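2 protein chains.
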Amino acid sequence: MKRSIPTKRTTIYDLAELAGTSASAVSAVLSGNWKKRRISVQLAEKITRLAEEQGYALNMQASVLRRERSKIIGMIVPKYDNRYFGSIVEQFEAMARERGLFPIITCTRRDPALEIEAARAMLSYQVDCLIATGATDPDRIADICSAAGVRAVNLDLPGSRVPSVISDNFAGALELTRRVLANCEREFGEKAPLLFVGGRGTDHNTAERVRGFRAAHAETGVAVDETLVLTCGYAPEKAENAMRAMAEKVGTLPRGMFVNSTISLEGVMRWIRRSGHYADRMPHLGCFDWDPFVAMLGDHIEMVRQDVPKMLDAVFEIIDSGASDLKVIQIPPIVEQTG
Amino acid sequence: MKRSIPTKRTTIYDLAELAGTSASAVSAVLSGNWKKRRISVQLAEKITRLAEEQGYALNMQASVLRRERSKIIGMIVPKYDNRYFGSIVEQFEAMARERGLFPIITCTRRDPALEIEAARAMLSYQVDCLIATGATDPDRIADICSAAGVRAVNLDLPGSRVPSVISDNFAGALELTRRVLANCEREFGEKAPLLFVGGRGTDHNTAERVRGFRAAHAETGVAVDETLVLTCGYAPEKAENAMRAMAEKVGTLPRGMFVNSTISLEGVMRWIRRSGHYADRMPHLGCFDWDPFVAMLGDHIEMVRQDVPKMLDAVFEIIDSGASDLKVIQIPPIVEQTG
DNA sequence: CTGAAAGCGCTTACAG
DNA sequence: CTGAAAGCGCTTACAG
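Each protein sequence line maps, in turn, to chains H and C. 282 is the number that my numbering gives to position 282 of the first sequence; each next residue is one higher, with no gaps. 52 is the number that my numbering gives to position 52 of the second sequence; each next residue is one higher, with no gaps.
In short, the hints are calculated from the structure, not lab data. Where hints are given, some of them may not hold.
Cβ pair distances, simulated, as ranges [unchecked claim]:
| no. | chain 1 | residue 1 | chain 2 | residue 2 | range |
| --- | --- | --- | --- | --- | --- |
| 1 | H | R97 | C | G322 | 51 to 59 angstroms |
| 2 | C | G32 | H | G149 | 24 to 32 angstroms |
| 3 | C | E248 | H | S124 | 34 to 42 angstroms |
| 4 | C | A23 | H | Q42 | 44 to 52 angstroms |
| 5 | C | A245 | H | F188 | 53 to 61 angstroms |
| 6 | C | A147 | H | A62 | 31 to 39 angstroms |
| 7 | H | S275 | C | T220 | 32 to 40 angstroms |
| 8 | C | A218 | H | R9 | 48 to 56 angstroms |
| 9 | C | V41 | H | G149 | 26 to 34 angstroms |
Keep in mind that this is a model prediction, so the values were computed, not measured. By construction, the Cβ of each residue, glycine as well, lies at the ideal position given by its N, Cα and C atoms.
Model the full assembly from the supplied sequences, consistent with the hints where possible.
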């Protein structure tokens, strides 16, 4: 890969020469802090005009190298394949720009090694701050950042080294489970436990959601068997396989389900279609996470929509304020019925 | 926002001092090209070990500033809210990393002003190359890049200044329309024109898809009225409004539809539910773009899945080869039936 | 008030 | 073969 035209780019020295002044003056004018320097308005205008004519663009590598802070903010994110992370990334970018920060984002595909590599790369690019979203090992990332004197914040999954902003997974799961239980009872006239599918048993969010799931059952006096909690991973295939395995073992599956993420739901729906298991009557579904098409999939699908704007507000508040106490901020998600 | 610990980061000079050698030697060892310098293996190992111990990280801002090429590659993308752009971004990142390039991505929300601003920002960060994905004004971006001597490639939407990689929209739309027409004829026993909803009449892809839509109708001898082509924009609300307006004006809508993107489909499905217009029988749907949940929405939804891996292969081939002839490479999409 | 000069942390051509 | 030195394009403390 080579530059097509090896153009020598215009620098502040070129501009200084053209304007008959110094590079310092040009820098001051173009960076906007020239009032302090009492540069004449006409010189300022001349420089601005020349910069435009010459197509001058600040070399950020040089600028950042010289400055105290880079004003670059990094984020790592697991995937771009669902609405939740998509909106996190999109809103993060917008909020960063609003604050005059340059966002750089890397998708790490839930791969621990890639996460570390990406974090190191961002530190090499001198990020002022790094947001670890849904990281498999947030504390490792926090340590790496800390060694470089860079602030870090966890998003979506909490860590123990730096502040975290996450959804209130317990409350969301509790309400979601209540609703699905109620929907089932209304339709089938009996209280029966739901199936929990998807996520990693070891991650904090899944653990909290399972806790909410169990609490809702306990409230209504329904026992939850161990075998009803399939924390098989997020990937569609994993959810699909877990359903198949369970059906083979148990025979009949519950008439209501808590699916832990739209990603897993993809596999669940595929299995339902292919197996024909629910051919007579579709199960009542609750899904942690939101997707507009999932909302159209059935008549009584309940979904938990995580409150991304509030979560990012909290993240930037931590960043802006410089707070670094080890708090975990839990943002209530929104549970909505659709259909 | 401030760094929590104003740590002075380790530089090659620190390492040189610790190792009792020069910064040049450290640089040569750490950048991997030290065989040419005949540095002793043991010195190399010592330096490597020290770097590790000290948590040394290369300052890319300094490195890039000094080097000929930055090895940074930029991409602008309209949105992160659908599978198509999501997979483009995810695969682009992976392919860039494979080639030792550092990807930076900005989402411009189909906003022409933001696109230009983002392109300029990327040039300031010294990208070697910029990929304009689905840009509203690709030629403007190409001009800005060209002025800075930076290569550009268009993706998804073509431009006239630099090479473009796009889907074969005509062929995809032709096949999609044929299938939906056939599905309708099979179920309703009569040939009738479909409705086209979504996209911008002015953009190349939509124009090509409309052309394919018309061609498929022409093949089978069905006339397409002007009023049946609603290129109302991509946003769900726009599609929803266009449907409502048409229903109010015409009364009865066609029993088959070509929906131009999953984004627009969201609005179409919403209108269908709310209006109850198709309460007796769902229309046959074809959707340009693919989404796993859309596939589950009905029994005969046809979808066009754009071939992202092939498209990105073509993009990187252009970049790697340094080709800059103004070709437009059209990648055949995959039309798949689901349900 | 304003410009010359130092220096950010690297890479690499060049002198020894 | 190897290190000292120049220089990438900025920003800013400092001398005039």
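Going down the list of hints, with the structure as the test:
no., hint, in the structure
1, H/R97 <-> C/G322: 51 to 59 angstroms, "violated (32 angstroms)"
2, C/G32 <-> H/G149: 24 to 32 angstroms, "holds (26 angstroms)"
3, C/E248 <-> H/S124: 34 to 42 angstroms, "violated (58 angstroms)"
4, C/A23 <-> H/Q42: 44 to 52 angstroms, "holds (45 angstroms)"
5, C/A245 <-> H/F188: 53 to 61 angstroms, "violated (42 angstroms)"
6, C/A147 <-> H/A62: 31 to 39 angstroms, "violated (19 angstroms)"
7, H/S275 <-> C/T220: 32 to 40 angstroms, "holds (38 angstroms)"
8, C/A218 <-> H/R9: 48 to 56 angstroms, "holds (52 angstroms)"
9, C/V41 <-> H/G149: 26 to 34 angstroms, "holds (33 angstroms)"
Violated hints, listed in ascending order, are 1, 3, 5, 6; each of the other numbered hints is respected by the structure.
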